[in-house]
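Quick mapping for you: the protein sequence lines, in order, are chains A and B. At position 67 of the first sequence (counting the first as 1) the number is 67 in this note's numbering, and the numbers step up by one without a gap. At position 83 of the second sequence (counting the first as 1) the number is 83 in this note's numbering, and the numbers step up by one without a gap.
The hints are simulated quantities; they were obtained by calculation from the structure and are not laboratory data. No experiment lies behind these values; they were computed from the predicted model shown. Be aware that a few hints might be false.
[Said to hold, decoys possible] Output of the computed footprint for chain A on chain B, the stretches with three or more beta carbons under 8 Å from beta carbons of chain A:
# : stretch
1 : 37-47
2 : 104-110
[Claimed, not checked] Some chain A residues well away from chain B (every beta-carbon gap over 12 Å; in silico):
#  : residue
3  : 8
4  : 11
5  : 12
6  : 13
7  : 14
8  : 24
9  : 27
10 : 53
11 : 55
12 : 57
13 : 59
14 : 81
[Unchecked claim] Computed Cβ-Cβ distance ranges for the label pairs, DEER-style:
#  : chain 1 : residue 1 : chain 2 : residue 2 : range
15 : B       : 5         : A       : 12        : 30 to 38 Å
16 : B       : 61        : A       : 58        : 37 to 45 Å
17 : B       : 60        : A       : 58        : 28 to 36 Å
18 : A       : 58        : B       : 70        : 34 to 42 Å
19 : A       : 80        : B       : 62        : 43 to 51 Å
20 : A       : 41        : B       : 16        : 27 to 35 Å
21 : A       : 57        : B       : 95        : 23 to 31 Å
22 : A       : 67        : B       : 8         : 41 to 49 Å
23 : A       : 53        : B       : 62        : 37 to 45 Å
24 : A       : 28        : B       : 95        : 18 to 26 Å
25 : A       : 44        : B       : 58        : 19 to 27 Å
26 : A       : 27        : B       : 15        : 35 to 43 Å
27 : B       : 95        : A       : 27        : 24 to 32 Å
The C-beta atom is built at its ideal place from N, Cα and C for all residues, glycine as well.
Chain by chain, the residues run as shown.
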Amino acid sequence: TQLLEQSPQFLSIQEGENLTVYCNSSSVFSSLQWYRQEPGEGPVLLVTVVTGGEVKKLKRLTFQFGDARKDSSLHITAAQPGDTGLYLCAGGSNFGNEKLTFGTGTRLTIIP
Amino acid sequence: KAGVTQTPRYLIKTRGQQVTLSCSPISGHRSVSWYQQTPGQGLQFLFEYFSETQRNKGNFPGRFSGRQFSNSRSEMNVSTLELGDSALYLCASSSFPLTDTQYFGPGTRLTVL
Numbered sequence: 001t002q003l004l005e006q007s008p009q010f011l012s013i014q015e016g017e018n019l020t021v022y023c024n025s026s027s028v029f030s031s032l033q034w035y036r037q038e039p040g041e042g043p044v045l046l047v048t049v050v051t052g053g054e055v056k057k058l059k060r061l062t063f064q065f066g067d068a069r070k071d072s073s074l075h076i077t078a079a080q081p082g083d084t085g086l087y088l089c090a091g092g093s094n095f096g097n098e099k100l101t102f103g104t105g106t107r108l109t110i111i112p
Numbered sequence: 001k002a003g004v005t006q007t008p009r010y011l012i013k014t015r016g017q018q019v020t021l022s023c024s025p026i027s028g029h030r031s032v033s034w035y036q037q038t039p040g041q042g043l044q045f046l047f048e049y050f051s052e053t054q055r056n057k058g059n060f061p062g063r064f065s066g067r068q069f070s071n072s073r074s075e076m077n078v079s080t081l082e083l084g085d086s087a088l089y090l091c092a093s094s095s096f097p098l099t100d101t102q103y104f105g106p107g108t109r110l111t112v113l
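Turn these sequences into a full structure, and let the hints guide you.
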């Protein structure tokens, strides 16, 4: 069974601070996606990384896929209240049986 | 394009009853996946349908079933409801395959009393 552990589980910081969320597994994934979910809505895709070591930037968000494709991180610079939400990583597997495994989630609260 | 729509948005049932949830994917999307989201277990994959065929299935009991129609709309059925089935049920659509970009609906909040 492929498991994706996210840390921290909860994070509450002041506006303007930086933060990093981690997504770790003992399994190799063919791709890694990050989603953000707001209350009352479904998750919305932020980014997909597919190459080991890949780094993608989306404005103040930086995503990195580990060299071994087992882990990923999301770094937010100068956090804003609009960044508040549940962040989910999801590992994609194309090894015989395609599936998407979601991480345990990180609930982020940015305090104005 | 209209997004993924799910009906109903909220549902209250009692133990032992059955329930059917509906999902309309984004126009042109042929893959529909269903997920269960709970505070304790997070987001767990139920099953995926593509062209009216179930392609993948998660580790859920047989009480959970689904189907897809020729217009790609999908329904999920849960029979003999248990208290632990209370959750947010999310539907996602994609062009193909399952690991392609998933577009999620707002979900159906099911409460079992």
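Hints and how they fare:
Interface restraint, the stretch 37-47 of chain B with chain A: holds (4 residues with C-beta to C-beta distance below 8 Å; minimum three). As drawn, the stretch 104-110 of chain B meets chain A at 4 residues by the rule of a beta-carbon pair under 8 Å; at three or more, the given contact holds. A cut-off of 12 Å between C-beta atoms confirms that residue 8/A is not in contact with chain B; the least separation is 15 Å. The non-interface label for residue 11/A is consistent with chain B: the shortest C-beta to C-beta separation is roughly 16 Å, beyond 12 Å.
With a closest Cβ-Cβ approach of about 17 Å to chain B, residue 12/A is found to remain outside the 12 Å limit, as its non-interface label requires. Residue placement check: residue 13/A keeps its beta carbon more than 12 Å from all beta carbons of chain B (closest about 22 Å). No Cβ of chain B comes within 12 Å of the Cβ of residue 14/A; the nearest lies about 26 Å off, and the non-interface call holds. Every CB of chain B lies more than 12 Å from the CB of residue 24/A, the least distance being 15 Å, so the non-interface label holds.
Chain B leaves residue 27/A outside its interface by the beta-carbon criterion, the shortest separation being 14 Å against a cut-off of 12 Å. For residue 53/A, the non-interface assignment is confirmed: its Cβ lies about 20 Å from the closest Cβ of chain B, beyond the 12 Å cut-off. Residue placement check: residue 55/A keeps its beta carbon more than 12 Å from all beta carbons of chain B (closest about 20 Å). Every C-beta of chain B lies more than 12 Å from that of residue 57/A, the closest at about 19 Å, which supports listing it as non-interface.
Here residue 59/A stays apart from chain B, with its beta-carbon at least about 19 Å from theirs, past the 12 Å limit. Taking the minimum C-beta to C-beta distance to chain B, about 22 Å, the non-interface status of residue 81/A holds against the 12 Å cut. With their beta carbons about 33 Å apart, residue 5/B and residue 12/A fall inside the hinted range of 30 to 38 Å. Look at residue 61/B against residue 58/A: about 39 Å separates their beta carbons, and that is inside 37 to 45 Å.
Distance hint check for residue 60/B and residue 58/A: the Cβ-Cβ separation is about 34 Å, which falls inside the suggested range of 28 to 36 Å. Judged by the Cβ atoms, the range 34 to 42 Å given for residue 58/A and residue 70/B holds: they are separated by roughly 37 Å. Taken as a hint, the range 43 to 51 Å holds for the pair residue 80/A and residue 62/B, whose Cβ atoms sit roughly 46 Å apart. Taken as a hint, the range 27 to 35 Å holds for the pair residue 41/A and residue 16/B, whose Cβ atoms sit roughly 31 Å apart.
Taken as a hint, the range 23 to 31 Å holds for the pair residue 57/A and residue 95/B, whose Cβ atoms sit roughly 26 Å apart. Judged by the Cβ atoms, the range 41 to 49 Å given for residue 67/A and residue 8/B holds: they are separated by roughly 46 Å. In this structure the hint that residue 53/A and residue 62/B lie 37 to 45 Å apart at CB holds, the actual value being about 42 Å. The given range of 18 to 26 Å is respected by residue 28/A and residue 95/B, whose C-beta atoms sit roughly 25 Å from each other.
Separation of residue 44/A from residue 58/B is about 22 Å and conforms to the stated range, judged on CB atoms against 19 to 27 Å. Distance hint check for residue 27/A and residue 15/B: the Cβ-Cβ separation is about 36 Å, which falls inside the suggested range of 35 to 43 Å. Separated by about 25 Å at the C-beta atoms, residue 95/B and residue 27/A satisfy the suggested range of 24 to 32 Å.
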